[in-house]
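Visitor: One letter stands for each residue in the lines below.
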Amino acid sequence: MKFPCLGSGAWSSPTRRDFLYGLGASVGSVAFTSMMAGELAAKTTNPLVPRDGHFPARAKRCIFLMMEGGPSHIDTFDPKPKLKDLHLKKFTREGEMKSRMESGERYFVQSPFAFSRFGQSGADMAKNWEHLQNVADEICFYRGCQVDSVNHPTAQYQMNTGNRFGGDPAMGAWVTYGLGSVNQNLPGFMVLPETSFPQGGAANWGNGFLPAQYQGTTLRPKGSPILDLQPPKGITPEHQRLNLDLLGKLNAQHKQRHPQHGELAARMESYELAFRMQMEVPGVLDLGNESEAIKEAYGIGQKTTDAFGRKCLLARRLIEQDVRFVQLYHATWDSHDFIKRAHGNLVPQIDKPIAALIADLKERGLLDETLIVWCGEFGRSPDNGIRAGSVAYGRDHNPKAMTIWFAGGGVNAGHTIGATDETGAEASENVHHVRDVHVTLLKLLGLDDNKLTYFHGGRYKQLSQFGGEVIKELIG
Amino acid sequence: MRLMGLALACQALPLTSHGLQMAEAEALFAHQIWPLINDKCLACHGNEENKLKGDLDLRTRSAALEGGDSGPAFISGNPSGSLLYQAVTWEDEDLQMPPKENERLNQRQLQYLSDWIYAGAPWPSPKRIKELLRSTEDKWSVGGGVRMPTSGGLSEQWTLRKYNPDDLWAYQPIDKPKIPLGINAIDHLLGLKMDSMKVKPASRADRRTLIRRATFNLLGLPPTPAEVEMFVNDPADEDNAFRKVIERLLRNPHYGEHWGQHWLDVVRYADSSGFANDFERGNAWRYRDYVIRSFNADKPYNQFIREQIAGDELEPDNPEMLVSVGFLRMGPWELTGMEVPAIARQRFLDDVVNSVGQTFLGHTLRCAKCHDHKFDPVPTRDFYSMHAVFATTQIADRRAAFVDENLEGFEKEKGYLTARLTRAELHSAKLKKKSREATERWFREHDLPYKTRIEAHKAGIPDDQIPPKHYGYSVEDFGLERVTRKVINRSKWEFERYEPVALSVYNGADPKIDNYGMPLRMPSRPMSGLMEKTYILMGGDTFARDKQVNPGALSVLDEQIPELRRVRFPSTASKRRSALAKWISHPANSLTLRAIVNRVWQWHFNQPIAGNPNNFGGTGKKPTHPELLDWLAREFREQGWSIKNLHRQIMMSEAYRRSSTHPDPETLATRDANGIGYAVFKPRRMTSFELRDSMLAVSGELTRSIGGIPARPEMNWEQALQPRMVMGSFAPAWEANPLPAQRHRRSVYAMKLRGLRDPFMEVFNDPHPDLSCEARDASTVTPQVFSLFNSQISLDRAVAFADRLSREEAEPAAKIQRAVALAYGRPTTAEETAACLNHYQVMLDRHTAKVVPRPDYPREVEREAVEENTGEPFSFTEKLEMMQDFVPDKKYADVSPETRAMAEVCLVLFNSNEFVYIY
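In order, the protein sequences belong to chains A and B. The working numbering numbers the first residue of the first sequence as 3 and each following residue consecutively. The working numbering numbers the first residue of the second sequence as 2 and each following residue consecutively.
Just so you know, the hints here were simulated from the structure itself, not pulled from any lab data. Take the hints with a grain of salt, since some may be wrong.
Said to hold, decoys possible - Each computed BS3-like pair below joins lysine-lysine, with the alpha-carbon atoms no more than 25 Å apart:
no. : chain 1 : residue 1 : chain 2 : residue 2
1   : A       : Lys-453   : B       : Lys-52
2   : B       : Lys-891   : A       : Lys-235
3   : B       : Lys-375   : B       : Lys-41
4   : B       : Lys-54    : A       : Lys-474
5   : A       : Lys-235   : B       : Lys-892
To be verified - Taking beta-carbon pairs under 10 Å as the criterion, some of the chain A residues facing chain B (in silico):
no. : residue
6   : Ser-151
7   : Ala-204
8   : Gln-215
9   : Ser-226
10  : Gln-255
11  : Met-270
12  : Glu-271
13  : Asn-347
Built from N, CA and C at the ideal position, the CB exists for glycine as well.
If we strip away everything but chain A, and leave its shape as in the complex, we get (with noise of 0.2 Å):
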């Protein structure tokens, strides 16, 4: 049953072990078959048990996917044809907001790819998207968001925890706080990160001030998915159960003397937790059993799309499995120079695999009830400086445009909502702070950000900071 390896991904290779061995005879072990989610609600206090959220969900689970560095958005759903009578005629930002990037000459630069419209829609986007205009009719395009940060990292944080400074839950975070996780083996919140942790690292998925069981899980694609998953080479399943019994007698003894501390009960119960984790991670992870088929419509197998096709195929098998929030990144889309190199490289790393993904989902009939968000950091300039020395076409960081898209449960499929001014630099139409975005996402997995709120360092906080609305028009 071993899938042929496609590389050295752990994805692709798993080795399940099997911790059932010898469970019953443990002291204080519990059959994990029948533990089911509402059994354990009802046994402990358990953060995790899943609940309704304030409004009836459009969607019940959340693909985000994360295109760390900043796409252009100029450069893939938001063409700008005024750009071309442009191209590298001089561009100038003086005043107050100037930072040291913005010195010296700047100019405008054009696109370097041929735009369409697709699908019934007619959505506009880039002809190298080969695949995904297939299923543009799926797509809500967005053009009016805005963030505050030309920062890599501040904008991250931003966009993942709507604080700029980080320290504040995740979305993710936030959403399994809201709705609980339905599959009480695997973590609800989880995040496929690429082989190296995006700028400011792993605070982008933090539980920030929420309790330690909404922190995202990265599984990560190279070596152990999580760490230390397994114990170290050589030490058995067996091995390990007989250490788990004397834990267990010992726990028990404790117990007797103590039979007033309660969080006893509940730090023995998290070995056992940790047993089924063991068990059930390596088998979701297994892409053995997928068909050929749907290996090569994900584009695994393939040099190009391999290691973005994981992640989607991956996601789509955790959100089977009932996980509620899965994050995947992609990168890094920071083209500051050679866009049409970079960002034609970058394209169809993604493009199959995304496209793979929503048609997948639809056929299983889960498009419905799975959002799924495409998005960067920021948007791009449509000017350059002269970087190097010469004129070199790329384009910097811009907080005032970019594309953000949605597809599934309760999106206003087939629409574009929203645009930005004739070069592109900023948002023009239909704009919002990226906190509304936020409130929105929330308001489709039906939880009411005014409501979702944790009292924190003297205030109720919430994933939007301070409030914001729904974007009604993303809304189907």
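Model the placement of chain B on the given structure of chain A, informed by the hints.
Guide: What follows is chain B alone, placed relative to chain A:
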């Protein structure tokens, strides 16, 4: 002002639901309804004229009557028929205002609104409101709370608003309750509360429990078996025997490490700057050691405050005082070329102001950055007055000679760093040569004279007539050029570590920096240039300047405590911080004193008296024992601000020495459901640091030297080698110190990078250094099991522990007894000896039959990256300099089968509840 009487007077509402006189209704509007509309409605219904929600404008009566999309806001005389009233009752699911759950009107506010509409909804003019606020104040002081004078808000409404007296406890001068003679004040005051709750305290904990509790509490380490037995067998009476233990522990230099760590949690200590570059702060360790030294020396707390805020001003020639102000630099901060410098500067000032507030005053101030504080009497003006205190404070990495510091290991570590730098420089030179040769070839092929790019630019030759920069590079070269450049740049920060330089500040003019990409020395003429002026920034926007403000502190406290008003804040470039330090450390400053004794109490009982040590404002939890808090504060001041004396007082109380088991838990649970009575001592789980340090102590591996450059323990190697993006490149991999003794230092010394956290520490609830941590969380999560039960690092501790046992005892049973004594501090029971022995035998068979192989350690790491300018993948090899000399800890394969089998028992002990909980 005393609030006691007022609190009693507020109980009766002055209004009934019917028949208000018009004048009364107008007063009601001025005092209650108009503030309510301002607070809860105008953000969406008035403040932004062209963004009215539902087209409803509530700024004037006529606009409200005209109404919005759904109709008029109210019908005069008919509350239940009025949309406004219906909305605020939240009865209609589609019409709920204000929309935020936690901003809903309370019963009293609903009643006011109803009364006002019923009375005809009078809406006096702004001028009349002002008159009414003053002319009817007496009456309303009774019903509507008390006014708190401050320097004044942005609006008159805010300035005149009233507070619930219960929310103002922290600003009041410190009281000293009368304590009957000959009684322990702590027990007396706790006893009063217990009596009122009708609960009885648990009996005293036995000596074994007590010494473990006290040793962890003061040192963060377990007591040795000899220490336990000495105390258990001490013939002295309970008080004297325990007093001896406390004194011994307070003299132990590990005390400063453990209590210093508490402080470092609050100030957000880290060895790197966070954000995009996460540059190392090479000299942060000197501040960390300053804190440890201060605790060990029992430095008076008021002095400790002054040194951290204004040490450089108070003793400019004392290098330690340049180190101590490192406190002001503890927040995450950077300035890259991407950011607007003025905004980054404001971030620094915001951070410092808020940090000073949280750390020393137990008061969050950031809320007042954009608007007058919603709940507390802190106007925006005060926030910017505190900004002004720091407006002349500039960051610098200043020369400061070493003082009595641990300088061990400098040369060796510098050698590794130099090797890395040299490798990068060589590669960089190679790349330059390659490009130069290609460029020369290009000129030859084009039959043109060779020119460098600078020469060509100077000569006015256009860009398309010379080859581009980095001409001749492959994708790999492009990538490596950037990587090596960044390695060279980053090493500048790291070399700082071994230099007599302090992470510090100075006073001076705006130095006009637009990029902080390299350590910054103090300029030779710090005062030349423009002095920054401070303005109220509307909405917290750097460029929305309003009135200019002068340095100052919290006006609400100045008003309550006249002594504080005498502290003068100069407007000269220097001595502003000295004034603030004086104000904060003033013996009359009630916030400061309550904040510190509350923290110390919390670090003893794992439960503070005032529930949010960083927030004494109205939204923070109220003190459970206000008299006790004040008694402690006053006593602390009278005893010379000595933290060690405070320990003695607290630890000698009965409350501290109480058992964690209660004879009647059911009654206790009903009568003290929230567990605030101190009838039992609450057990706690070890912190991440205590857990690691205890494993090292018990296994005999702990290196006990104090202070010095950060240690680099092993962390999970997958995490250690995890590529980590920093601006434009990768940060260097985490490398462990080559020798076990270097790695096995206490966790307080482990290098703390904001962007790369030790997963063991992280899963055991180590706080993130970006936020001030008022209390470490101790929740149980599954990945803790992976770290403690599965990891190679845990296994290494278990092997070392078993190895120690084999050196100290011969027989398996004796080894097990020794192991339990070391890990739990008590003799074994027959049952557990039997269980452990049995396990040992079973495991011995397994380990005799088979040897678990040694793991491999990395000496270099392959990096794969996508070149950001080309989008093409490239790879390179990062050589791990320290790992070339790495000496691994002992593994299974290095010890006998007997020791291997015993290591299994040890691993289980480390994972057991008895080991990780402290009673």
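Visitor: Hint by hint, note whether the structure agrees.
Guide: Verification of the hints:
Proposed proximity of Lys-453 of chain A and Lys-52 of chain B is supported: the alpha carbons are some 23 Å apart, at most 25 Å. Restraint check for Lys-891 of chain B and Lys-235 of chain A: satisfied, since their Cα atoms lie roughly 16 Å apart, inside the 25 Å limit. Restraint check: the Cα-Cα separation between Lys-375 of chain B and Lys-41 of chain B comes to about 11 Å, which is no more than 25 Å; the hinted pair holds. Taking the CA atoms of Lys-54 of chain B and Lys-474 of chain A, the gap is near 14 Å; set against the 25 Å cutoff, the hint holds.
Distance restraint check for Lys-235 of chain A and Lys-892 of chain B: the Cα-Cα separation of roughly 12 Å lies within the 25 Å cut-off, and the hinted pair is therefore satisfied. Contact between Ser-151 of chain A and chain B, as hinted, is supported at the beta carbon level, the nearest pair being about 8 Å apart and thus within 10 Å. For Ala-204 of chain A, the suggested interface contact is upheld, since its CB lies about 7 Å from the closest CB of chain B, less than 10 Å. Interface hint at Gln-215 of chain A: satisfied, since its Cβ lies 6 Å from the closest Cβ of chain B, which is below the 10 Å cut-off.
The beta carbon of Ser-226 of chain A comes within 6 Å of a beta carbon in chain B, closer than 10 Å, and the hint placing it at the interface holds. Residue-level restraint check for Gln-255 of chain A holds (minimum Cβ-Cβ distance to chain B is 6 Å; threshold 10 Å). A cut of 10 Å between beta carbons decides the hint on Met-270 of chain A: the least distance to chain B is about 7 Å, and the hint holds. Because the smallest distance between the Cβ of Glu-271 of chain A and any Cβ of chain B comes to about 8 Å, under 10 Å, the interface hint for this residue holds.
Because the smallest distance between the Cβ of Asn-347 of chain A and any Cβ of chain B comes to about 3 Å, under 10 Å, the interface hint for this residue holds.
This entry satisfies every hint, going by the numbered hints stated previously.
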